[in-house]
Structure formats: structure tokens, C-alpha cells
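As you go down the protein sequences, you meet chains A and B in turn.
Residue 194 in our numbering sits at position 194 of the first sequence; the count goes up by one each step and never skips.
Residue 522 in our numbering sits at position 248 of the second sequence; the count goes up by one each step and never skips.
Because the hints were derived from the structure by calculation, they are not lab data.
Don't take each hint at face value.
[Claimed, not checked] Ranges of calculated distance between the beta carbons of each label pair, as one might list FRET restraints:
hint, chain 1, residue 1, chain 2, residue 2, range
1, B, H508, A, W47, 55 to 61 Å
2, B, T352, A, I260, 54 to 60 Å
3, B, Q566, A, A32, 47 to 53 Å
[Unchecked claim] List of simulated lysine-lysine pairs, DSS-like, C-alpha gap at most 25 Å:
hint, chain 1, residue 1, chain 2, residue 2
4, B, K481, B, K563
5, B, K522, B, K512
6, B, K481, B, K550
7, B, K481, B, K556
8, B, K522, A, K121
9, B, K422, A, K92
10, B, K563, B, K550
11, B, K481, A, K92
12, B, K422, B, K563
[Said to hold, decoys possible] From chain B, some residues computed to sit far from chain A (all C-beta separations above 10 Å):
hint, residue
13, G407
14, T427
15, W473
16, P478
17, K481
18, G500
19, Q558
20, A568
21, A574
22, D575
Computed from a predicted model, the values in this text were never measured in an experiment.
Every residue, glycine too, gets a C-beta built ideally from N, C-alpha and C.
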Amino acid sequence: MSTLNRRILPGFRLSLSYALTYLTILVLIPLAACFAKASTLTWDTFWGTVWTERALAAYELTFGASFAAAVMDVALGLLIAWVLVRYEFPLKPLFDAIIDLPLALPTAVAGLVYSSLYVQKGWFGQFLVPIGIEGAYSRLAIVLVLTFIGLPLTVRTIQPVLATCDDETEEAAACLGASRFRTFSYVILPTLYPAMVTGFALAFARALGEYGSVVFVSGNMPYRTEIAPVLIVARLEEFAYGEATAIALVLLVISFSMLILINLLERWSHRYGS
Amino acid sequence: MGADVHTHAGSTKRQTALQDPWFVQWGLIVAAVGVVGVLVLVPVINVFYEALARGAGTYMQNLLADADTRHAILLTLTVAPVAVVLNVVFGVAAAWAIARYQFPGRTILTTLIDLPFAVSPVVAGLIFVLLFGLQGYFGPWLREHHLKIIFATPGLILATAFVTCPFVARELIPVMQAVGTEEEIAALSLGANGWQLFWRVTVPNIKWGLLYGVILCNARAMGEFGAVYVVSGHIAGKTDTMPLRVEKLFQEYNLPGSFALASLLTLLALITLLVKVGLERKMQADAAKALQSASEELLADARAPIKESA
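Sequences and hints are given; from them, build the entire structure.
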């Protein structure tokens, strides 16, 4: 079919060359500029910027918060996907639709509203702050807002897999005397592992780069609540482009490895699924 | 469905092996609804509550009386559509190449399209500053020719286009693959030229998928923060887009103004969701119809020789 099409359908050269030119100008050259700029730094400057106490604290927080949020997203995603696939209840279509809101809502709005909800006078904060839970301007705030951002990603990767689980293996388990809980943990859950891992990776990758919502809720205190992208912006505002680029490069390398990992995972889960 | 277990003969109460007891069902439903309520629904309600807390009059004033806020709305309405159009043209070209032909490097191209999703928005902004900023690679040349990209609208468009680049292509590739090439080849054999083929056959076939991509792309373009933050320079009344203005008002402790603008963006997100659900239904219905007509054709084919022999 393919070689035939290339001869029959017109526009192969036009479409491919346009797509490649666009990608080169918009994506590849700018990304190359980042590597080029970083290569002009001496090894000592690069290392001195990337490996400072403040930078390390920022990486640690970025990773830790993203990891915690992605774990939360997988657990909550599993619960929500389960309820969506297995049960019927009033207003379910509305419930289903609103889960995608974090994908459509500007991150700045998410940050603004989360910071206002969890401060002492906020709707949630008035109950939580007195018992010592600081949901705004703290590390917890970062995890909360990152959980919000990543939630649809895990729900939408787990949901379709759960929907295609066939009843027969479950029936067999039930016939063999397994309890519902046993069936769930030994029969259903293992088939969901690939989807859960992919969902985790997507949410984690998204959280690593997140900026818009976190600046609102974190308070951006160096060493305590400063994430790596905030550090880049801080360097930029001091016009220290070299240092900003060095930290950006660290983030880029990490996110590219995540991209490769996600692709591998998807391939693995395809094989696993079939 | 499942193996039915009758507790009593003639009892209407049935429990299948696959059904969870009611308290488990409702416990999980309440938990899930609670989670989504706390994480998603209450924040949305809170945006509108805070925006309208001082009455509709103050709300409109917060939104429209401030010249910088008005400018931010206009700027977003300029930047986002341009970025979306750029990415629609790219997305259609890329999807056409990927879905219609086999060529070496096809998988690499598919991965390249996803690349911007993996880049932190702040880094996306930074790379354009490195290229076009005053100290950037093209900085001196741009200054000589009195062109401004960074801290100006072109930079906002570039950064937004970068971040939203994958949306349309990603939606279109599977749609184009699913539609197949039969109709296009038929049109070609009937003498259509390339553009006629594209506008009269391909576009009608992919229109819902295309619109879906446009909607998601537009939502992200209007809401983009990190990348735009870096390239804009935050010049109020000049390079502040809506999300940036939200942040600036927040920093100035003008919470009512900030929430008023945020409510506009939230409304936009809700409309996006609504259109998205509508399009998903439409695409499902179309797919079902296509399946049905295909099976009817098969049936007709199967019956034809029987009729002839009769």
C-alpha cells in the first residue's frame, strides 16, 4: 500500500518538506541553540552552576514533588477509572467530562485558585491550617497542584485498559472461589500495571517541567520551595543567560530521557497487552 | 453476563460474581466523586465565587476598566489564533506525510513532533531568548534591522507555537490513518487534482478530528504561561497576555482583578471541555456509521449472487 501511495497520492514532497522545515525552524534550531550556548561555558562554570547547594535543593524538590504527585495521580486515577468503567451513578457523563478540566484550564488559574483555597482564610485552609496542614506556600502545596495537573493523564491511560479487561478471567477467578478483593489484586491489577506505569511516567514528566501553577502556590523560597524552572527564571532575571542555560540543559537531558522512557514503556505495554 | 447466584428462588435480588457489594460500590463512587470534587470542581466554583464576590458590577469593572487588562485580553486573542493557524498548517502537512506514506525516518519524525511536550515551558521560552534576545545569536542582526522578537509579540507567538506544536498533528495522524486512502484514490482516478482532492475529500473526512486538535491547541495556547513568561518581559499594556496579567495582578495583591480575569480563562476552559465532549460524540457516531455502512456493503455483496441465481 505504501509504495503504491507514494506514486499515486500527490503532495508527499510538499507535506514532508514543509513539516520538516517548520520543525527545524521552530523546534530543532532553538533546542540546538541551548546546547550551543551551554557548550560555550567552561566545565568549571557549568559544574559550578549546576552543582550548587541551591540548585541541588531545587532538583531534589522538583523530583520529589513530581514523584509524589505522580504516585498520587496513579492511585487516584485507578480509583476514578474503576468507578467510571464499572459503576453507574447519576451525572456520570458530567463527572467523566470534568476530569479533563486540568488539561484545558490555564495553569496560572490553577495556581491562583489553589493558593487561595488553602491559605488560612480560604475554603479549605480554614479547616486545614488550624490542624497544622499548610496547603499553600509549602512543599505540600506544590504536590497538590502537580497532582491536579497530572490527574487526567493517569485516568485516561488506565480507563481504556480497564474497559477492555474481559469478564471471563474474573468469572473464572470467582468460580474458583476467589474473593472480590483477591480477584482484584491478583487478576485485574496485574493487567493494569503497564497502563499505570505509562500514566505515572506521563504525569511525572508533565510535573517535572511545570511552572505556571507552582509559582503561585509555592512561595518560591530558595532551598525550601524553589523548583528548578523557577531557578532558571531567577537566573534569567539577573541576565545570567549562561547559568540559566546550564540548569536548563540539566532539565532538558532529564526530560528527553523521560520521553525515551515513555516511548519504550508504550512499546512494552503494547507487547504486554497483546 | 456473569454467573448469577440466586439467594432465593424467585427473589428479585441478584448478585453476579462480577458485581461488587453495594457498600463497596457506593463507597468507591463517593470517594472518587469526593476526590474530583476537592481537586477539580471546588477550585472551579471558587474562581467564579471570588470573581463575583463583590457583585456583577465590580466584576465587569475589574475586567474592563483596567486598560492593561483589556490589552492583555486583546493580546491573547491575537497571539493564540496565529499560533493555532501555524500549527494547523504544520499538523495537516505532518499528518499527511506520516499517515499516507512510508519513508525512512517516519518514526523519528513522529517522535520529533512530540518533543515540545517533553520540554519544560520555561526552557522553551529560554531557547528563544538565546536565539533572538539582545545577547542572543541573532540579537545583533535583529537590532541592526530594528526588528524585535523577544519582549514583543513575535516572541510570544513563537514560544506559544513551540509549546502547542504537537496538538493538531497528534490528533490528525490516527484520524487520517483510520479514514484510509480509498476515497482519495477514487477521487484521483476520477481526475481530481491535488488541491481538489485535499479540500473536497480529505478535509471533509478529517474535519472533526481537525477541530478537536484545534480546540485543544487553542486552549493550551491561550493558557500558556511558562514559555510566554520568559519571552514577554512583562511589559504591562504591551506584552502581558491574559495568564501573565493574572499573575501580575496577583503579585500586586489585586486579587479581585486577578480572579475576574481568571474566571474568563476558566470559562474558556469549560467551553473547550463542552466542545470536546460534543466532538467526541460526533466522531464516535461517525465511526459507528462508517462501520455500519461497511457491514451493509459486505452483506449486499454476499447477497448479490444469491439473488442472481434465484
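Taking the hints in turn, this is what the structure says about them:
1. B/H508 with A/W47: 55 to 61 Å: Hint violated: Cβ distance 32 Å, outside 55 to 61 Å.
2. B/T352 with A/I260: 54 to 60 Å: 36 Å, violated
3. B/Q566 with A/A32: 47 to 53 Å: 50 Å, holds
4. B/K481 with B/K563: 16 Å, holds
5. B/K522 with B/K512: 13 Å, holds
6. B/K481 with B/K550: Given that 25 Å is the threshold and the Cα spacing comes to 13 Å, the pair holds.
7. B/K481 with B/K556: 11 Å, holds
8. B/K522 with A/K121: 21 Å, holds
9. B/K422 with A/K92: Not satisfied, since the Cα-Cα distance of roughly 50 Å exceeds 25 Å.
10. B/K563 with B/K550: 20 Å, holds
11. B/K481 with A/K92: Not OK: B/K481 and A/K92 at ~28 Å, beyond 25 Å, violated.
12. B/K422 with B/K563: Outside the cut-off at roughly 52 Å; violated.
13. G407: 7 Å, violated
14. T427: 16 Å, holds
15. W473: 12 Å, holds
16. P478: 17 Å, holds
17. K481: B/K481 clear of chain A: closest Cβ-Cβ about 18 Å, beyond 10 Å.
18. G500: 4 Å, violated
19. Q558: Holds, because the least Cβ-Cβ distance between B/Q558 and chain A comes to about 13 Å, which exceeds 10 Å.
20. A568: With a cut-off of 10 Å, B/A568 remains clear of chain A, as the shortest Cβ separation is near 18 Å.
21. A574: 25 Å, holds
22. D575: 21 Å, holds
Hint compliance for this structure: hints 1, 2, 9, 11, 12, 13, 18 are broken, all remaining hints hold.
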